[in-house]
Amino acid sequence: MNAPLTITASLAAITGPEHLRTLGVATAVAPGNTDEVAAILRFAQENHFAVVPWGGGTKQRWGYPVAPAMILETHRLSAIREHTWQDMTCAVEAGCTWAALQSALAQHGQYVALDPLWPERATVGGIVATNDSGALRLRYGSLRDLIIGMTIVLADGTIAHTGGKVVKNVAGYDLHKLMTGAFGTLGVITSVNFRLHSIPKSTQSFTFSAPASKPLGAWMLKLLHQQFSTLSIQLRGTAEGFHLDIQLASLPEVLRTQAGLLESLGRVEGLAVEAATASVWDARQQLLDRDLVCKATMLPSEIASFADRVRSLGGESVTQATGIMTAAFPAVAGGQLPQLRRELEAASGSLMILKQPAESKLDSWGTLPDSLPLMREIKRRFDPEGVLNPSRFLGRI
Amino acid sequence: MLSAAILAELRDAVGADGLIIERNQLQTYECDALAVLRSLPGAVILPRTTAQLQKAVRICARHQIPFVGRGAGTGLSGGAMPDDRGIVISFARMTKILATDIPNQRITVEAGVINAHVTQRVAPTGYFYAPDPSSQTVCTIGGNVAENSGGAHCLKYGFTTTHVLALEVVLPTGELVHLGSPTLDPPGYDLAGVFVGSEGTLGVAGSMTLRIVRRPETVEVLLAAFDSISAAGQSVSDIIAASILPAAMEIMDRLSIQAAEAAVHPHYPECEALLLVELDGPSAEVDLQMQQVRKICKANGAWEDRLAQSEQERMLVWKGRKAAFAAAGRLSPDYIVQDGVIPRTKLPMVLEKISEMAAEAGLRVSNVFHAGDGNLHPLVLFDASIPGQEEMAVELSTRILHLCVDQGGSITGEHGVGRDKQQAMGYMFSEPDLDTMQRVRCSFDPDNIANPDKVFPRPRLCGEKTGKYTPHPLETAGVAEYF
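As given, the protein sequences belong to chains X and F, one line each in that order. Be aware that the first sequence starts at 1, since it is given in our numbering, and climbs by one per residue. Be aware that the second sequence starts at 398, since it is given in our numbering, and climbs by one per residue.
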């Protein structure tokens, strides 16, 4: 029996043949609604076919590689179903790109207060599955603070709703938190409900620079303790030196005063100051163009020293004040990363390899936590046949 | 009944002074603040350390003894009500603050630490712990974690789940695991996110690392008096539409104002609807935004608007608001506290419907609510000594919850499901939704001993299939019950 032909015929019966295509050895299928997603997953589970859910495909290299029989594409699930702007909530299908969602919400001066990678191509589902976040996290928190409900489809075709459309809700388990950052290993996200924020009307950004990271790191901690209307702060480590980018957001009158105060405080610290260019907030994304890229986590007080450590390995980094670093290294530094991982883990942090050259064999995820058996058990109960993104996740879950 | 051998094991685990078995002492633990639901536990244990906690849970796991954690017993949904075959684990002796890390804005505490004590500890350095349930002067962090507690200020600062970074948890199997991390985004599933708010059904936490928040430079509270709830509600919508995110926005109606006034004399204006708006942040920002808020209130017909003039006055304003439930006792011999949530914009419609339903039932309903996030606390007043009135109050209270769900809301915003709202869960969630939650539960607690028979509409056993209902063998044997 020819397996791919069987797949094609069965999937065509679900979505119609026009929504299938062949991608190498895999069959890509694009369901048009949640029921079709359920039917596809039931078929995959019955036949033990590995499925990779696929949005914009921007982060498919993250985690261990998967060789799927089927790729479940979400681009037909792209509707913005509701934007109840008076309630500051929205409901959107998983295949909608981040930029499309944000531009619709912006009509009412609102947004999902998150700045993920590649917003033009990345989809809501993929961003949620990988728990991506950027510099806005300092003020607004991460996806776990912004998602209020979700529709998911489990491997056996069960369609489940979790949470709801209201910001405050403690009924039942927060399954949407479990799905956020699960890399599509527990279910396929088909729609997400978000709480929204008003887009700040006036903002101002500064870049403070110094040859060493330490004074900038110390100053960053001081600023976090002070009363500025801070939207985001990041420390950039480059070959030339270090930069602390600060964005303030407030009423125009307040902003003027705070900006003046901030500049003068920076000068007192002996830092060079200039207005930040818009491109500094893209610096994280630019690092992802390199061949060897990591996400590292650390306590805010450790940011300066790890930024220094990255530079000592010839790397560059962008670290949010919340303690999340994106770092790019020259390929030759690869051998040093296990040691860097040990140092980060010893300081309560972690190191995840997002991208590495084909010949490099660095472990993607790092040391396994004591909760791994529990995670495996959850995977077993959600996806007993192991068809959803098999082996991609921590501990090859 | 627990056998003498099991009691001996428990005594061995927590020490003789950590085990309560005297009937009159056990009575203290037979209910939480939802006092109508009572059940006498077989024993109460009071561990002093996580190691003792783990020993005790291992005993429970070995003998299949149900257990429930208990902080201060202030929960309002019967979540801490014991199983009569089981034990209560009291956290009254796990009250140490283990570590504070001001530069990183973190604090690590044992589960029995009182909510307000966290703020007290970090206040001298200019920080506070944001979640502020009304019971914060007595309730514990462990209980807050179980319930994902909110409070008036979660509109801006988020709920308990936003503020819990890491947990040391004893699973129902007796294993000790670390969920979350002091740093963000630890690799793996967000089990800390699932654990917080699971109402004690996934295990018991011995200690936790929390976020603390920088105390704002300025805090101002406005009291605005309106002739109607809908005018106050409209002001709330207009404030949000003006891109202002207050620290808190609360509405109290005439009945609850009277009750609070009688109880703690907060000097509220006498009116049909009182709106409290708290703004905090940098002084210049707060001043300008407060001007805007006052304009909005005036435009909606506020006939009095005054700022609390001092820290002391501000505290009194909040004391009145937080006393609103207990103060209802001055209006009526008995009352039911409800905790529904609706999308903010449905407020006028839902309140009108509630007053219609109350009139039909011939009962009074007083309203206090976290207006900013649509969390209603209707208090259904009744007199249990009048035959049939309690049943009518329960019925009305259930209809209010259904109304909230019908309008796209939730059956509970902060009090939890517990034993109280198990049936309402079935109204809000479908069978596949509940089945999916059950998969999580069974992963943590395959033997169903951690606070069993709570949250879910009926006890389901791990491995049980959904679909057509057939009694489980254990149910037929009388070990589990169908509700």
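Any given hint might turn out to be false.
A few chain F positions that, by computed beta-carbon distances, are all more than 10 Å from chain X [unchecked claim]:
(1) 655
(2) 692
(3) 759
Distance condition first, Cα-Cα at most 25 Å in a straight line; then the derived BS3-like pairs of lysine-lysine [unchecked claim]:
(4) F/452 to F/553
(5) X/295 to X/201
(6) X/295 to X/214
(7) X/201 to F/553
(8) F/553 to F/750
(9) F/493 to F/695
(10) F/553 to X/222
(11) X/201 to F/750
(12) F/692 to F/750
FYI, nobody ran anything at the bench for these hints, they're computed from the structure. These numbers were taken from a predicted model, which means no experiment stands behind them. For each residue, glycine too, the CB sits at the ideal point set by N, CA and C.
Results of checking the hints against the structure:
Distance check on residue 655 of chain F: its Cβ is at least 26 Å (rounded) from any Cβ of chain X, clearing the 10 Å threshold; non-interface status holds. No beta-carbon of chain X comes within 10 Å of the beta-carbon of residue 692 of chain F; the shortest separation is about 14 Å. Remark: the non-interface label on residue 759 of chain F is consistent with the geometry, its nearest Cβ contact in chain X lying 30 Å away (cut-off 10 Å). At most 25 Å may separate the alpha-carbon atoms for a hinted pair to count; residue 452 of chain F and residue 553 of chain F exceed this at roughly 40 Å.
Under the criterion of a C-alpha separation no larger than 25 Å, the hint pairing residue 295 of chain X with residue 201 of chain X is inconsistent with the structure, at around 31 Å. The suggested pairing of residue 295 of chain X with residue 214 of chain X holds, with an alpha-carbon distance near 21 Å, which does not exceed 25 Å. Using a Cα cut-off of 25 Å, the hinted pair residue 201 of chain X and residue 553 of chain F holds, with the two alpha carbons roughly 19 Å apart. For the given pair, residue 553 of chain F sits about 29 Å from residue 750 of chain F by alpha-carbon distance, which is inconsistent with the 25 Å threshold.
The suggested pairing of residue 493 of chain F with residue 695 of chain F is violated, with an alpha-carbon distance near 48 Å, which exceeds 25 Å. With a CA separation close to 23 Å, the supplied pair residue 553 of chain F and residue 222 of chain X stays within the 25 Å bound. The suggested pairing of residue 201 of chain X with residue 750 of chain F is violated, with an alpha-carbon distance near 38 Å, which exceeds 25 Å. The straight-line distance between the Cα atoms of residue 692 of chain F and residue 750 of chain F is roughly 29 Å, outside the 25 Å bound, and the hint therefore fails.
Checked against the numbered hints given earlier, the structure breaks hints 4, 5, 8, 9, 11 and 12 and satisfies all the rest.
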